[in-house]
Amino acid sequence: MRWKMNLKQIASLIDGSVKGDDGLEVSGLSPIDNIQANTIVVADNKDKMKLAERSSALAIIINKDFDSQLKPVIKVEHPMKAFIELMNHFYPKKIKTAGIHASAQIAEGVSIGKNVHIGANVVIEHGSKIGDNTVIRGNCHVGENVIIGKHCELFPNVTLYDDCIIGNHVVIHASTVIGSDGFGYSFIEDKHMKIPHVGNVIIEDNVEIGANTVVDRASLGSTRIGQGTKIDNLVQVAHSVTLGKNNILCAFTGIAGSTTCGDNVICAANVGISDHVTIEDNVTLGARTGVPPKKRLRAGNVYLGAPPRLIEKGIEIEIGINRLPKLHKSVKELKNKIKQLENQLVD
Amino acid sequence: MRWKMNLKQIASLIDGSVKGDDGLEVSGLSPIDNIQANTIVVADNKDKMKLAERSSALAIIINKDFDSQLKPVIKVEHPMKAFIELMNHFYPKKIKTAGIHASAQIAEGVSIGKNVHIGANVVIEHGSKIGDNTVIRGNCHVGENVIIGKHCELFPNVTLYDDCIIGNHVVIHASTVIGSDGFGYSFIEDKHMKIPHVGNVIIEDNVEIGANTVVDRASLGSTRIGQGTKIDNLVQVAHSVTLGKNNILCAFTGIAGSTTCGDNVICAANVGISDHVTIEDNVTLGARTGVPPKKRLRAGNVYLGAPPRLIEKGIEIEIGINRLPKLHKSVKELKNKIKQLENQLVD
Amino acid sequence: MRWKMNLKQIASLIDGSVKGDDGLEVSGLSPIDNIQANTIVVADNKDKMKLAERSSALAIIINKDFDSQLKPVIKVEHPMKAFIELMNHFYPKKIKTAGIHASAQIAEGVSIGKNVHIGANVVIEHGSKIGDNTVIRGNCHVGENVIIGKHCELFPNVTLYDDCIIGNHVVIHASTVIGSDGFGYSFIEDKHMKIPHVGNVIIEDNVEIGANTVVDRASLGSTRIGQGTKIDNLVQVAHSVTLGKNNILCAFTGIAGSTTCGDNVICAANVGISDHVTIEDNVTLGARTGVPPKKRLRAGNVYLGAPPRLIEKGIEIEIGINRLPKLHKSVKELKNKIKQLENQLVD
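Protein chains in written order, with numbering that gives the first Met the number 0: chain A, 0 to 346; chain B, 0 to 346; chain C, 0 to 346.
Among these hints, one or two may not hold up.
Heads up, the list lumps identical chains together, so a pair's fine if it works in one copy or across two of them.
Dumping the calculated DSS-like pairs for lysine-lysine here, alpha-carbon to alpha-carbon at most 25 angstroms [said to hold, decoys possible]: (1) Lys294 to Lys312; (2) Lys190 to Lys80; (3) Lys312 to Lys328; (4) Lys47 to Lys193; (5) Lys49 to Lys18; (6) Lys7 to Lys63; (7) Lys149 to Lys92; (8) Lys18 to Lys45; (9) Lys45 to Lys193.
Simulated from the structure, these hints should not be mistaken for laboratory data.
Starting from the given sequences, assemble the full structure and let the hints guide the process.
Right, dumping it as structure tokens:
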């Protein structure tokens, strides 16, 4: 998309004030790590500020904590929020036209709200309800008695199993599966006997879930994803897990059965949390942290490693491991020295 | 679902005997980690027994090894089996009506058994055979010359590639892929030349496979999943792998090419097994175990870590790592003491 | 498939020369780890040579560096290439008949090249272009303004989001998702505010991508997969990543936002690369290597561990960890000895 707009006009879109020549014309938005000439960028820390100032960007969006001698700036309260607003302005979200594609297979008695888009080859089974302004893209499969709220968006090839409940403003990306049976068996008489999974999954408002992720249903009761929680691609949330509000789960994170996370929990990539763990509010788990069963991690802490250690200890251990070859060598030398001392004393 | 039934009636459903007031009425089943008032729970170890006794559960299902002074109990031979039977009684599996949805695209010459359910938008290509009483839910794609046995269930959006063979009583969850090409290339003349994959996947009876899992076909011959093996979500089984009977593979486990597992092998979450490994019967691999290529792991052992170590050694090493910062400090102190001793001796 | 062909005939197919009785008849091809009687195998190293010679194979394909006293051989320049050619000869790739299935939902104005196969229930949205000789199997979903080149193959249930660009001779396996939104939020006023993703994904020629993999679109600009790169199942490539030519990414590898890989980079299984990392040409990362943010890994090196260490250091540390229990014991003994020495000196 090609456009030009001067700094004064841009500032007016984001409630900002220009320092510098406000008649200069910007012709695009750039990400901080790939800046094109004559574009505007956002900088919300020193590193980004340096990158922006040394770049061919025309201007920088910053907050009151920064200033530039090198480039015109637009000052706003929340630079990133302002930049997101500009992105939404210049690249407005495509609206899917309301309507049900002729090829969609919608069972009798399914309730569909106002202004809903249902794409080609979508299947919706009986007893389900779709809220107003929701978009269900092609090839999705919605089981029986599923409730989907308002303003949701399901990307193609999503599967929702029977009885799941999806709140409002929920986004689910392609090929993700919600409500599959939990992985539960009991080894009885030389066989793995399946534990039935007759519960469901409840996803609260404003949750976004990436592609090829799986959230399993509970055996009894519900697996629950709390309001505002964001889940990346290729994540596993097992049966009867409860996630609080505004959690962040990065790719390849797996959370085993009946574990509970509080609010604002962050799991970096490839975090593994065993079953029946309790993670309190505001805990952050670094990449590849592994948490054993039944642990409790205290509110506000940052953990690293497997088993998880408070970050200071975790870093100490990482350094300790790095110096292990030297340590082995030191101990060998000490052994020799002691032998010498012993010999001297015998003499 | 709301219901009430007294303990005597419940005991009769599971061939158990009541100790306590058998006229008391139960109004539900509870999982042990989320017990509701007036429900019945199962306890098959001491920890669960404690939880059950302290809870608002009305009664507990136990075996002959337990007794309760606090709650009425129902004694049975296999408590978990009895509880599963109650779940199946109170939440009977929904039966999909036999029939082929009008929108399903079934090639000429496909053989379909008795009492089969084929959902909306399913595709079945030529030469395939579907056994009696099998359910294929909406949006599944079954390739050419695939054989699916009796009493199987495919959840939505499953893909079966050409030539795969699925036994009886096999369950495959949504978006799982069976029979994709193995990841095999030969670097020749500055390019990765693809090794053709003209083999298939054979899945034996009573296997269950989770959602978004992948089982690759062999280059020549078959990838084989043994009878009764259970595979979680987001698992990778590579080309020419052979899994024995009753294995358990938890989420994010990956098994590389041509590896063989015996019977009753358990892989906890995020286990990585390299190519050409031999895992003997009854081996258990703890979470995040990593096995290098061509290793052989001996029958009946439990392993931890990467590389895998027998559990005792693995725990010793974990403790050793935990104490590393102290060890570095100790060695530093020893160095100083030795220097002092040396100085004393010189004096 | 049953066939018989003598060694002379086989040699002529692969431009090789027979040493031994060239009238002997071969009845199949065997993989090196599962050799059937009377078949021909390929051996391109000593270990395989041993396996082949001890097996019931009838003959072995080798290069000038090898010879056999035990079996007839066919000598060629590139044994693996020759074997691939034989596989392609005896198991010719099934050609999907050109044509558009009646159930495919193709929007008006979609441009479709010559000799294209579009399977049942495929959805292609407006503005998209499909190149000559491309195969799109059943249940795939192609969004708006997608460009797919010539001679591509999409397996079932693949999702391509809007605006993605796919080169020529690209293969994408089942349930893989290309172009989903990157995982980017800014925590503003107690909520995760979504950063729009209005960029796309560009996949260059001769790329192959496995099943249930995800490649996210860029926020602005493009995520790019370089020519000839091969990606396994269950891999995550995040927003704005750039991969060079001929990379290999094995299963469960995850590459975070804005990371750049050069050419010929190899990631073994379960490698995790954080955001804004630079991996130079010809780097190899061993299984489970974890790379912290903003690192630069130098061309041609092999790394192990998390954080990544040059292979020699990595092995040293692995050995050091293995000997940790002994090291703790040694240090304890040294402490005692020093105490004794101190006592002796006091005396």
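Of the hints stated earlier, which fail here?
Checked against the structure, no hint fails, so every one of them is satisfied.
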